[in-house]
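Undergrad: Each chain, letter by letter, is given below.
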Amino acid sequence: MKGRLLRWPYAAVALLAILALGWAAATAPVHLPAPEVDFAYAGPLELPPFGADHRGRPLLDYARQGAWVVALPAMVAGLLVMFMAVGGGLLACLGGGWARSAVQIASEVVGSLPRMVVILVVALLVPRDDRSLLPMAIAWALLAAPGAMDEAASVAERLGGTRFVEALRAHGFSASRIFGWHVVALNLRPVVVRQGAEVMMQVVFLEIALSYLSVVEDQPSFTHPDSMMSWADLLYQGYRSIVLDVPTTHVLALGLALISLVAVVSLSIGAAARAR
Amino acid sequence: MSEPLVVVEGLSIQAPTRLLIRDVGLIVRPRRITALVGPSGAGKSLTARASMGVLDVIPGLVAGSLRYPALGPQDWFQGVVGGGERAQRRLLEATRSLRGAYVSYSPQAASSALNPGRTIGWQLAIAIGRRVEAPASVGAEVRSLLAEVGLPARAAAALPAELSGGMAQRAALAIAIAPKPRLVIADEPETGLDPVLRRSVIELMIQVCQVHQAGLLLISHHQSTVDRIADDVVVLPAPPAGEVAA
Chain R
1 MKGRLLRWPY
11 AAVALLAILA
21 LGWAAATAPV
31 HLPAPEVDFA
41 YAGPLELPPF
51 GADHRGRPLL
61 DYARQGAWVV
71 ALPAMVAGLL
81 VMFMAVGGGL
91 LACLGGGWAR
101 SAVQIASEVV
111 GSLPRMVVIL
121 VVALLVPRDD
131 RSLLPMAIAW
141 ALLAAPGAMD
151 EAASVAERLG
161 GTRFVEALRA
171 HGFSASRIFG
181 WHVVALNLRP
191 VVVRQGAEVM
201 MQVVFLEIAL
211 SYLSVVEDQP
221 SFTHPDSMMS
231 WADLLYQGYR
241 SIVLDVPTTH
251 VLALGLALIS
261 LVAVVSLSIG
271 AAARAR
Chain X
1001 MSEPLVVVEG
1011 LSIQAPTRLL
1021 IRDVGLIVRP
1031 RRITALVGPS
1041 GAGKSLTARA
1051 SMGVLDVIPG
1061 LVAGSLRYPA
1071 LGPQDWFQGV
1081 VGGGERAQRR
1091 LLEATRSLRG
1101 AYVSYSPQAA
1111 SSALNPGRTI
1121 GWQLAIAIGR
1131 RVEAPASVGA
1141 EVRSLLAEVG
1151 LPARAAAALP
1161 AELSGGMAQR
1171 AALAIAIAPK
1181 PRLVIADEPE
1191 TGLDPVLRRS
1201 VIELMIQVCQ
1211 VHQAGLLLIS
1221 HHQSTVDRIA
1231 DDVVVLPAPP
1241 AGEVAA
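From first to last, the protein sequence lines stand for chains R and X.
No gaps in the numbering here: position 35 of the first sequence is 35 in my numbering, and each next residue is one more.
No gaps in the numbering here: position 240 of the second sequence is 1240 in my numbering, and each next residue is one more.
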């Protein structure tokens, strides 16, 4: 009961943050508005809610465009990992010894791959006109999936694997109730949801990292069209407040706040799923 | 004498390469204890599962009959013998309403009977929900069942991992009897317990079955336990050298 009560604050935080990010992505403008020099470097109090950049463009639009860039790919990657982790757990419960070995081997092989190099190869394979984070997010999810499947299978084995299923069957539960409710919803849920949430967060950070490199090198980003801004643009502009003493500290604060928000969402989802 | 609870005759189960069980028969009557004994690999658990309509070996059932005379004259294996996986699945579905209500099963390790992600009280409530007649208060019934197996009421809020081996075994027994079954199948309930605890768990199981007027099919490795408590004994022969059944 205590655990169930603990779940609600985490779930509420995660839900609110997801709704905020979802709203931001859904309402993102296709292009940033024209510069307004009068608002250049405007702080949050001069141009609510977040102020403006060095050319007077609202930072709210940066935040919304950045959310649009990451929202769908991160969600797809998270769901893909969750789906595959559930598969790994169910295989362990069905007693597929060969399947378990295959997952372990895949996990070791994939684990030894240099993940960022694979992502960069995928990025280079995507046609320039179709730049999107989605192919890289899927590749990242596929690289993370064997580990998630292995962990879910370990949980299922600790549960008793086939013996647990046998016991539930002997209690008269149907197959859908056994696998859908007792195995997945009650026992695999914490690890599966945590893995999915972590991958969602990793995909967002991947996008920021790749876009930051592009911004620094003044090159088009692999992850989004030139008309869109990434949260990496906020970080780069904010970084200039440190090294060039330009008054853009509020831009850096917004960039860091958005990164923190993503981390909070991921941790809250994991904690909400873990609470019993 | 009252109608037997379960009658298995001529049970033979085939694995892809060998015969796992050959011509096994057993009868369990109300308020009586039937022990199923035999060496490891003789097919005790397989026989027990088959007597609940659970056949999970392919090609599986090649001969035999399964009746629950207390419920009617139907032979549940009719149409399943030699029918392979599909027929066995049909049987599994047809007998599903009996499992957990008419017959309940306490598996070898208590940890397998208990869901690690849910409290004992929650699991008991689910098992109580399988009764034909719902009790007035599920909470009171949970406390009553826990008391019956010698567990404190606070165990209802505990997760299985928070219980000792003996307590977990008692909780598994409470879950097995919660639906008020007429037949309890206990698959080596003393596994992993020390001799003192083993005796107390067996005594408790007998006492609980007597109180509920249920029949008990006890699978055991321990000849001393069987000699002491069993009314009837079914001995399964050892499998041929090099073969191990489920």
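These are calculated hints, taken from the structure and not from any lab test.
Where is the CB? At the ideal position from N, CA and C, for every residue including glycine.
Just so you know, not all the hints are guaranteed correct.
Claimed, not checked - Listed next, with one range per pair, are the computed distances between beta-carbon atoms:
hint, chain 1, residue 1, chain 2, residue 2, range
1, R, GLN104, X, ALA1015, 54 to 62 Å
2, X, GLY1079, R, LEU19, 35 to 43 Å
3, X, ARG1154, R, SER174, 46 to 54 Å
4, X, ILE1206, R, GLN104, 38 to 46 Å
5, R, SER154, X, ASP1194, 45 to 53 Å
6, X, GLU1003, R, TRP98, 42 to 50 Å
7, X, GLY1079, R, TRP181, 25 to 33 Å
8, R, ARG7, X, GLY1079, 46 to 54 Å
Undergrad: Could you run down the list of hints and mark each one as holding or not?
TA: Hint-by-hint comparison with the structure:
Range check, GLN104/R to ALA1015/X: Cβ separation about 26 Å, and the 54 to 62 Å hint is violated. A beta carbon spacing of about 55 Å between GLY1079/X and LEU19/R contradicts the range 35 to 43 Å that was offered as a hint. Restraint check, ARG1154/X to SER174/R: a C-beta distance of roughly 32 Å breaks the suggested window 46 to 54 Å. Here the CB-CB span from ILE1206/X to GLN104/R is close to 44 Å, well matched to the stated 38 to 46 Å.
Roughly 29 Å separates the CB atoms of SER154/R and ASP1194/X, a value that falls outside the hinted 45 to 53 Å. Taking 42 to 50 Å as the suggested C-beta distance range, the pair GLU1003/X and TRP98/R conforms, at roughly 46 Å. The hinted window of 25 to 33 Å between GLY1079/X and TRP181/R holds, with their beta carbons roughly 30 Å apart. Under the hint 46 to 54 Å, the C-beta atoms of ARG7/R and GLY1079/X, about 48 Å apart, fit the expected range.
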